[in-house]
Amino acid sequence: MSGFRERAAHEIRTASPAATVTPIMRKLVDDSAAMLGRGPGDARQRAAAARAYAIDHLEELHAQIKGSFERRGIGYHLAATPEEAVDTVKRLLGSAKRVPKSKSMVAEEIGLTHALRAAGIDVLETDIGEYIVDIEGRGPSHITAPALHLNRARIRDLLARGGADLPDDDPERLSRFVRDAVGAFFQDCDAAITGSNLLIASSGRIGIVENEGNVSLGVSHPKLHIVVTGYEKVVADEAAAFAVLEMLAPSATAQPLTAFTHFLAGPAKGQQRHVVFVDNGRSRIAKEARYRELLKCIRCGACMNACPVYRAAGGLSYGSPYMGPVGAVLSPLLWPDGRYADLPFASSLCGRCSEICPVGIPLHRMLLDLRADAVSNGQVAGRIERAGWQAWALMFTGAPVARAATAMARLSLRGAGRMVRPHGDGDDPRLLPEPTPPRDPAMLWGAASGPPQLPSPTATATGDETATQELVELFRARAIQLGVEVVEKVRKQKGDRMLKATAAIASTGSVLLTGEATARRPLLAASRVVLEVGAKTIVRYPSDLASRLGDGEALILTGASRTADIEKQIVRGIHGAEALVVVLKK
Amino acid sequence: MPRVALFDPCYMAALRPGDADHARHVLRALGDEVTLIDGRCCGQPAYNSGFRGEAKSAGRELLRTAQPHATVVTASGSCTSMVQHYLPGLFAGERGAGAQSIANRFVEFTAYVAAHPNLDRLGLKLDGMVAYHDACHARRELGLTERALGLLARVRGLEVRRLAYEDECCGFGGAFSVKLPDVSVAMMTAKLDDVRGTGARVLVSGDFSCLAHLESGARGMGIAIETWTIAELLSRALE
Chain A
1 MSGFRERAAH EIRTASPAAT VTPIMRKLVD DSAAMLGRGP GDARQRAAAA RAYAIDHLEE
61 LHAQIKGSFE RRGIGYHLAA TPEEAVDTVK RLLGSAKRVP KSKSMVAEEI GLTHALRAAG
121 IDVLETDIGE YIVDIEGRGP SHITAPALHL NRARIRDLLA RGGADLPDDD PERLSRFVRD
181 AVGAFFQDCD AAITGSNLLI ASSGRIGIVE NEGNVSLGVS HPKLHIVVTG YEKVVADEAA
241 AFAVLEMLAP SATAQPLTAF THFLAGPAKG QQRHVVFVDN GRSRIAKEAR YRELLKCIRC
301 GACMNACPVY RAAGGLSYGS PYMGPVGAVL SPLLWPDGRY ADLPFASSLC GRCSEICPVG
361 IPLHRMLLDL RADAVSNGQV AGRIERAGWQ AWALMFTGAP VARAATAMAR LSLRGAGRMV
421 RPHGDGDDPR LLPEPTPPRD PAMLWGAASG PPQLPSPTAT ATGDETATQE LVELFRARAI
481 QLGVEVVEKV RKQKGDRMLK ATAAIASTGS VLLTGEATAR RPLLAASRVV LEVGAKTIVR
541 YPSDLASRLG DGEALILTGA SRTADIEKQI VRGIHGAEAL VVVLKK
Chain B
1001 MPRVALFDPC YMAALRPGDA DHARHVLRAL GDEVTLIDGR CCGQPAYNSG FRGEAKSAGR
1061 ELLRTAQPHA TVVTASGSCT SMVQHYLPGL FAGERGAGAQ SIANRFVEFT AYVAAHPNLD
1121 RLGLKLDGMV AYHDACHARR ELGLTERALG LLARVRGLEV RRLAYEDECC GFGGAFSVKL
1181 PDVSVAMMTA KLDDVRGTGA RVLVSGDFSC LAHLESGARG MGIAIETWTI AELLSRALE
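Protein chains in written order, with my numbering: chain A, 1 to 586; chain B, 1001 to 1239.
Don't take every hint at face value.
Cut-off 16 angstroms, straight-line C-alpha distance, at most; resulting in silico cross-link-like pairs (EDC-like, lysine to aspartate or glutamate) [claimed, not checked]: (1) 27(A) to 1159(B); (2) 1125(B) to 1159(B); (3) 492(A) to 434(A); (4) 1179(B) to 385(A).
Not the full set, but computed from the structure, chain A residues with beta-carbon under 7 angstroms of chain B [what the hints assert, rightly or not]: (5) 7; (6) 8; (7) 384; (8) 388; (9) 391; (10) 393; (11) 431; (12) 446.
Don't read these hints as lab results, they were simulated from the structure.
All values reported here derive from a predicted model rather than from experimental measurement.
Backbone N, C-alpha and C fix where the C-beta goes; we use that ideal spot for every residue, glycine too.
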């Protein structure tokens, strides 16, 4: 049986994930910390509290959101199993034959794309990364960056398999090729499926974050929009939603907010909107004291970004839709049949995942508990290992025969040291250290020509935040950083979409649109989006908007549509204008 | 004269038998009377492998041995964390409270020395350059990083270099290094690159388990470094 160990060994030998993943993740983790540093100081506590409240009141919030959906005309569906979820989606799709789908981890979990295709439905993965890994057929290697394991040359080859004739492997060209294919599919399709990041019980609004604009196209499908999401993704109200949003994009991708933050209200005229909540064990996990906190997870991926095991082995080694530390905890809980019982052992227990988690999930402690579960229910460790641990325990109990115990410890460690090498098929470089190695005073002199001392990682700059900066200037600075043009006056051009903003956010350089102004398709079709922002409407943090959303549709724009799905290189202007102009009004 | 027990973790007697003498040397220089506890284990190897019954058996013996002592100086952050944060949870009710009470007397060697009232009387001098490896459990479960660095900073003549990626795991993780050798070696290689980047050739840490792992890789890969525990460094700085 192939497990994590075999898959990781294969990945490391054939693809050496660390070579590409480690530098990317080291930078991302630093950038995330810097981005979180720009937000409100209590963001982490508020996000954790918002999620803790949600998992403590799941049934209550679901009763509430059901009512809120009814008021808005959104269909509420609860599926206990993956099969039930797939059947519900099929039923809702009716006779639909061409269906674009945006990224959803829950859809991966229930095997939705595969199941719909098996039923003769033409499903297209519309997220650029998903589109690429769909061709490859091995699944995503990261929850927010599905194609992280592929370099540009390999992606070009994969796209060529689908008939693309591309002169080079420039990430911008590759991204635009996929964008065009996806855009064309959207022109002629029968319904659209998206995921969701949070569902607001009090108001019945659906929160979705995205960068590319494919979700914008999906949610504005004129006939049918289906959301597939996890049972635990409800939050109490707008304040809770913003608490989550303030941690989500910074933790996931070091962005202040994603390019688009959707708050969907009821369906548009002539449109149907349905939400399929997938339980698949979540209500069971909610009752397990040791693991229930896992349901706080907001799927940002920060734990895998920071995880040295994930970096070394790559996401595909986990063999699960959920990888990294959260995957090693979630997979065996969602599928308790033992197929993922070895994943909790895929950790050195360094604790970095628990430390970085934006909602405070004690992941490494859960890994320890899952290990004990797997041993006690016989899913891991054979007779030899069990006998070995019994013998080990005897060595350290009973009469204190310290010398004998030490001798045995020494022997067993020597044995373990030898054991290491055959596991590595002979290329494991490790040799047991000498018990009393010689000491050479010259070693204290350092290397003969040592490289210069690197700056301490803890001494990173504190950023350009000067707490007293005026909101307008902060907004201007942050918007410009996102590539947004900020002016006092603008000359109208052909193809402009001129919109009046309801508010703006200084700390993230974002602009809030509400009501009619949120119409996604005209927004994406414009060659330039011009947003009029009143200086007095600028707030400091996303959370400050919680009470200003109104009751209808809301859309927060944070920079132009973009992707970083290919080698984490940013390409602007995917579905939607590359040019965003803000006209600041006094 | 304060009386303390010195817990020399199980693996030390096998892997670096001289280290307990280094730690004892430092504690005596501070004026402590030292009783050695060895041949005992905190239970972590079994605990991390999912064998809680076995971990409890081994840990119970350690707690029994430690019970008469008011302070148990422990030459490992990882073992200290196991004893304080995990071991008591294996005992129910009153037994658990008792276990926690004994566990709270364990203090990691570096932390103990850094907070010792006689520390100022210790003359510490060692000319040279070392790099500091921050062990994960000492860092995250015990929060010892600053104290360890503060202690090293007291050694006159010693230049302490920080690793660029100090907060990344070395890939040891106990049984992890045996069960997942490829992943463990990939992590170790990254850490050794980082160590080399400092230009230092002596690596010090409060936890010898990480050092043993890194030394095993360095030996096999022909990288000339020595690994010293903080106890060894302080002991040598006393001379």
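Status of each hint after checking the structure:
no. : hint               : verdict
1   : 27(A) to 1159(B)   : 28 angstroms, violated
2   : 1125(B) to 1159(B) : 11 angstroms, holds
3   : 492(A) to 434(A)   : 77 angstroms, violated
4   : 1179(B) to 385(A)  : 12 angstroms, holds
5   : 7                  : 10 angstroms, violated
6   : 8                  : 5 angstroms, holds
7   : 384                : 13 angstroms, violated
8   : 388                : 9 angstroms, violated
9   : 391                : 9 angstroms, violated
10  : 393                : 4 angstroms, holds
11  : 431                : 4 angstroms, holds
12  : 446                : 4 angstroms, holds
The earlier numbered hints that this structure contradicts are 1, 3, 5, 7, 8 and 9.
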